[in-house]
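Produce the complete structure using the sequences and hints provided.
Just so you know, the protein sequences line up as chains A and B, in that order.
Just so it is clear: in the first sequence, position 89 is 89 by the working numbering, and no numbers are missing.
Just so it is clear: in the second sequence, position 478 is 586 by the working numbering, and no numbers are missing.
The hints are simulated quantities; they were obtained by calculation from the structure and are not laboratory data.
What you are looking at is a predicted structure, and each value in this text was computed from that prediction instead of being measured.
Hints should not be assumed to be uniformly reliable.
[To be verified] Keeping only pairs whose Cα atoms sit at most 25 Å apart, straight-line, the calculated SDA-like set for lysine to any residue is:
(1) A/Lys83 x B/Val212
(2) B/Lys271 x A/His50
(3) A/Lys58 x B/Gln256
(4) A/Lys58 x B/Lys411
(5) B/Lys411 x B/Glu469
[Stated by the list, open to error] Negatives, chain B to chain A, calculated, CB over 12 Å:
(6) Ser177
(7) Lys235
(8) Val259
(9) Gly576
(10) Gly592
A virtual CB, placed ideally from N, CA and C, is assigned to each residue, including glycine.
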Amino acid sequence: MEEVLSKYLLTLYVTGTSPRTRIAIDNLNRICKQELDGRYELEIVDVLEHPQRAEDEKILATPTLIKQLPLPLRRVIGDLSDKDKVLLGLEVRPNGVSSSSPSFNSAT
Amino acid sequence: MTNTNHPAVEKLRTGISSLDIIAKGGLPKNRTTLISGTAGSGKTVFAVHFLAAGIELGEPGVFVTFEESAADVRKNMQSFGWDLAQWEEEGKLAFVDASPDPQVETVESGEFDLGALVARVQNAVNKVKATRVSVDSLGAVFSQFEDQAMVRGELFRIASALKAMGVTAILTAERADDHGPVARFGVEEFIADNVMILRNALEDETRRRTIEILKFRGCDHQKGEYPFTIIPDGGVIVIPLSAMQLSMKSSNVRISSGNHEVDEMCGGGFFRDSVTLVSGATGTGKTLTVAQFLQGGAANGEKCLLLAFEESRDQLVRNATGWGFDFEQMERDGLLRVVCDYPDLSGLEDWLVTIQGIITEFGPQRMALDSLSALENVGTLKAFREFVIGLTSFIKHKEITGMFTATTGTLMGGDSITESNISTLTDSIILLRYVEMFGDVKRGITVLKMRGSGHDKAIREFTIGKDGMHVGRAFRNVTGILSGAPVHVTPGDVERVWSQYDKAVGERRRPETTSGH
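Laid out in structure tokens, this is it:
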């Protein structure tokens, strides 16, 4: 397996520049720095400016974080304040360790 | 119809004509109306029909689906003749597919709102310039998220957003049972301005759909439950009973029953837009009465419709031939249409809509239904009455002369359930009875009621021959025919009773001498 090399492709859908939007962005940046160590690309989409993208992705809630790569696709909704749940949703093992644990992968 | 009485709230004509009648013009414009109902009560069809009817009026719409996927909705609605995909292509309809995707696992972490959903609805409304929005269903939103309080708050925001967009919206919601709280999850608390309830109640082993407008804040509507049905190529069809009764006309033109002796008994024939009930035991000659009624119409070049629920087509044609009527020739001439079917094939509401469709298409001047009793067991008593009211009003409105038959349960005398339930709804009642006389069974006919006309009060003997029905003399020395227990009285008794009656009434004419004398 090549999890060590694989890059995380993340999209965060938010509504405007509300406090909740800022909290979610801050939380996500912190988690990515701590756990993904540069192995990620993050795009932030404001659904008020790009409603069609929300339509195409069938987004209901904001903020919604989508992990497009590595597969499988995963979603985390909310302001990402619960770090453990974010890591669970992204299938990242905490503490900077590579996510390539056999037991973890087989569970998906 | 406009809102002359209530200028404050404008109404939007939905285009579902039967709904517009009970809603007195339509739904409150630029407002949201909650449609609540149990599972299977027709909420989704209603929500789509609202948009489909709008598109036909040139008003684009947006369908927000939380339960079924857009693909499923497109497929399911094809049977109603609504090509949603086509409308989407033409820019008349847009979907907001908010149905859950089981493929994608979702984790909740922290607080969130439904801002993306609101943005999508706004986007879809802008895209097709929608004036109508249907949201189906609110309950399904709750099942997608754990935080119910958040969802409730967000739905309130969506309802306000819809109001701000200036659209007329329908929101559907589930309720646990047909007569409990308006809706689950307390959604009625924030969108309770206008509430309609769809019911699909099980009564006596049959399903009966009704629609009730519970409230329209600030404007008028019909009260109470109205039966409705959902049919292919038609969608939701409400049966607005009270509204139909108001528009009834009355005619003084007489037409022939097809038998001049019966005409005489009726004081010169049936009224043109009247409905006559012919009641009798099996074999007393109901179908014959119907056949000569149709024959009489066809002889005058009138189009006649026969709805037969008891006999097959072949049987009917053969029997008619036996009485000297050539049904097949009448059909070839385009003067007769015979529709034979099994009454159990659909519910009474569906029958009403189907029959109305046939009448509208064929345009008969006369119609007969043989027999109502066959339809009686298809639904509940209430549904049956509504069916008769609906059909009676409809054919009167179309100025069609109607004849219904009812079968009595007992051979001798007695009355039928059909009769006792609908006798007030028909204009005339003709009874056919077996009369036992000295070891013979004879047939008796009497006109029991003839609204707006004098008629023969006697019970007369009639015979059935090769050329149909012959009405003879009155049974004068027999009493108790109608109760099914005829008792013979001597001519002397008859004379005495009538002479006393003559003294009392004065101008009363003397009876004829008896037939068995």
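Status of the hints after comparison with the structure:
1. As the CA atoms of A/Lys83 and B/Val212 are separated by approximately 20 Å, the hinted pair is consistent with the 25 Å bound.
2. In summary, the hint linking B/Lys271 to A/His50 is supported, as the alpha carbons are separated by about 22 Å, within the 25 Å threshold.
3. Proximity of A/Lys58 to B/Gln256 is assessed by CA-CA distance (about 21 Å); at most 25 Å being required, the pair is judged to hold.
4. Taking the CA atoms of A/Lys58 and B/Lys411, the gap is near 57 Å; set against the 25 Å cutoff, the hint is violated.
5. Proximity of B/Lys411 to B/Glu469 is assessed by CA-CA distance (about 12 Å); at most 25 Å being required, the pair is judged to hold.
6. A beta-carbon of chain A comes within 12 Å of the beta-carbon of B/Ser177; the shortest separation is about 10 Å.
7. Chain A draws B/Lys235 into its interface by the beta-carbon criterion, the shortest separation being 9 Å against a cut-off of 12 Å.
8. Not every CB of chain A is more than 12 Å from the CB of B/Val259 (nearest about 10 Å), against its label as outside the interface.
9. A cut-off of 12 Å between C-beta atoms confirms that B/Gly576 is not in contact with chain A; the least separation is 71 Å.
10. With a cut of 12 Å on Cβ distances, B/Gly592 stays outside the contact zone with chain A, its closest approach being about 70 Å.
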